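Chemist: What follows is each chain in one-letter form.
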Amino acid sequence: MNKESLRKAYGESLVKLGKEDKRVVALEADLGKSTMSIMFGNEFPERYFQMGIAEQDMVSTAAGLALTGKRPFLSTFAVFATGRPYDQIMSSVAIPNLPVVICGSSAGLSDFGDGKTHQSIDDIALMRVLPNMTVLSPVDAVETRKMMDEAIKCNGPVYIRINRNDLPVLTDPDAEYHIGKMDRLRDGKDAVIFATGVMVSKSLEAAENLEKQGISCRVVNVSTIKPLDAEALKANIQGMKAVVTAEEHNKYCGLGSAIAEALSEERIPIGMVAVDDKFGTSAKNYDELLDAYGLTFTAIEAKIRHIFGA
Amino acid sequence: MGNNGKIPYLKKMGAKIRANIIEMIPPGKVGHLGGSSSIADVLSVLYFDHMKGIDPANLKNPDRDRLVFSKGHAVLAQYAALVELGFFPREELAKVKTLGSVLQGHPDIDKTPGIEAVTGSLGQGLSICNGMAMALRLDNSPARVYCVCGDGELAEGQIWEAMMTSVNYSLDNLCVIVDYNKVQATGPTGDVFPINDIAGRFRIFGWNVIEIDGHDYASIINALDKAESVKGVPTAIIASTIKGKGFPFAEGNAAFHNAALNEEQYEECKRIVNKMLEEDCNE
Chain A
-3 MNKESLRKAY
7 GESLVKLGKE
17 DKRVVALEAD
27 LGKSTMSIMF
37 GNEFPERYFQ
47 MGIAEQDMVS
57 TAAGLALTGK
67 RPFLSTFAVF
77 ATGRPYDQIM
87 SSVAIPNLPV
97 VICGSSAGLS
107 DFGDGKTHQS
117 IDDIALMRVL
127 PNMTVLSPVD
137 AVETRKMMDE
147 AIKCNGPVYI
157 RINRNDLPVL
167 TDPDAEYHIG
177 KMDRLRDGKD
187 AVIFATGVMV
197 SKSLEAAENL
207 EKQGISCRVV
217 NVSTIKPLDA
227 EALKANIQGM
237 KAVVTAEEHN
247 KYCGLGSAIA
257 EALSEERIPI
267 GMVAVDDKFG
277 TSAKNYDELL
287 DAYGLTFTAI
297 EAKIRHIFGA
Chain B
118 MGNNGKIPYL
128 KKMGAKIRAN
138 IIEMIPPGKV
148 GHLGGSSSIA
158 DVLSVLYFDH
168 MKGIDPANLK
178 NPDRDRLVFS
188 KGHAVLAQYA
198 ALVELGFFPR
208 EELAKVKTLG
218 SVLQGHPDID
228 KTPGIEAVTG
238 SLGQGLSICN
248 GMAMALRLDN
258 SPARVYCVCG
268 DGELAEGQIW
278 EAMMTSVNYS
288 LDNLCVIVDY
298 NKVQATGPTG
308 DVFPINDIAG
318 RFRIFGWNVI
328 EIDGHDYASI
338 INALDKAESV
348 KGVPTAIIAS
358 TIKGKGFPFA
368 EGNAAFHNAA
378 LNEEQYEECK
388 RIVNKMLEED
398 CNE
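Protein sequences appear in the order of chains A and B.
Residues -3 to 306 in this note's numbering are what the first sequence lists, from first letter to last.
Residues 118 to 400 in this note's numbering are what the second sequence lists, from first letter to last.
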């Protein structure tokens, strides 16, 4: 399957937005080569602010830029973009509801070599609990580009979670995209898998295998985690016997929790495939790490078979 | 009008700021009297003389000067000045910190016209001001950005990150005023968490530094004039002040960092501000 870099899509989108809109500015904290925001810096040096390794200052500075008519995009690794400057995101950005786009790059376990201090298992949780915040988790490079085009139209803060590694292209470049909508990638009639990010391709793989075993699964890409499209969620579970969620994030307070909250009044079992409440670790490659953390198509299959008693 | 000519007017406005602060904290209502009155004279010069484009009828004027109260808890002083400029009706003062009020316990851009940033969680205002100063420069705006910080607030690490940014980006359209009142919530700053030689610390970070008596109007005016003329680096004005200035029982007294007055103290404060207003009118 064709794989593409989400980081490169992010950098290219920044440049495109910078060309289209003079209000766009970018801030970075000494990881611009990795997040690829450097592409914007090369094109628009006067609108690119190197903030040094000082994420708290970076976030509040972005707030000041937004208060003065700019459209700031700030990028660093997801751990340093969320937990490290959390109070600054809350007080300087989210409370005044400012149009600041925060890119959490190398999110989840995707920075496989660097280990637990560099892997974000709580970024969705931290951002989701903030009022006014939109939380996005693109499935591929194509969706990343569309998200960036939409994110700049948001009048409040946006968090975008970007995977470090090239991911399979699953979405159609010509398909319409809107923040807040979920996207059905495969239809089925017995169970529905709601997945985000890297776990979407694994869900499709699981669905294919389950089909052969006589369980027909629908797979839905949930790339907007907040606001969650409750209407589409309910439409997608109609006639289904089980829901399974799949995410590269702690099992607490991520996509699975968001879906369980939204479906709390429905009579349907919900299984969750997620990180089992532990920090990350170093690994020699991404797949090895995902395997070690049970973030696999087999884990999704097993979860569904378990619910079905098969 | 020369500097000396405008001082009586600015002193009168300083007295009005103090009178309005007292009006907002009737007996039994908790408020930050100490840190609001220490900065009252600096605020008078900023709002009633120095800042340009401050107009309630044109809130979004892109070229207005900005003032951010990084020490957001002293916002009563800012409300006290904004009401005199007509940003909201005087009746609002009585409703401060009540449900649905335009005047929140800390600065809120959604609620209060004239407030430029959300502050309250300390240490963030200078970074916000850096962002404003960067944006204004990109837009070739002549507007200036003023940031009021507390001395106790300087313990926040983010302030020092921001101090480096201001210098690295040569933000000479930015001026920080440190309300050096030497008292914080728990007690004298020298006992609680000493930060000695504030001026020296700013200097070594590359700032232009001016040290003044923050209650002396001629010094405040001169310092702000100088700050505007210095190019290439930001300016920090270290304004030595007295916490609770003007109200003897509260002066230098940490108990009035955030407290309610009793009937007797309130009446005394009212007598004091009335006298201030009369004196200044007679000058």
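Some hints here could point you the wrong way.
Listed next, the stretches of chain A that the computed footprint assigns to chain B, with coverage defined by at least 3 CB atoms under 8 Å from CB atoms of chain B [claimed, not checked]: (1) 41 to 50; (2) 59 to 66; (3) 76 to 90.
These are calculated hints, taken from the structure and not from any lab test.
In this text, all values refer to a predicted model and were calculated from it rather than measured experimentally.
Note that the Cβ used here is the ideal one computed from N, Cα and C, for glycine as well.
Chemist: Take the hints in turn and mark each one as holding or not.
Modeler: Against the structure, the hints come out as follows:
{"no.": "1", "hint": "41 to 50", "verdict": "holds (count 6)"}
{"no.": "2", "hint": "59 to 66", "verdict": "holds (count 8)"}
{"no.": "3", "hint": "76 to 90", "verdict": "holds (count 5)"}
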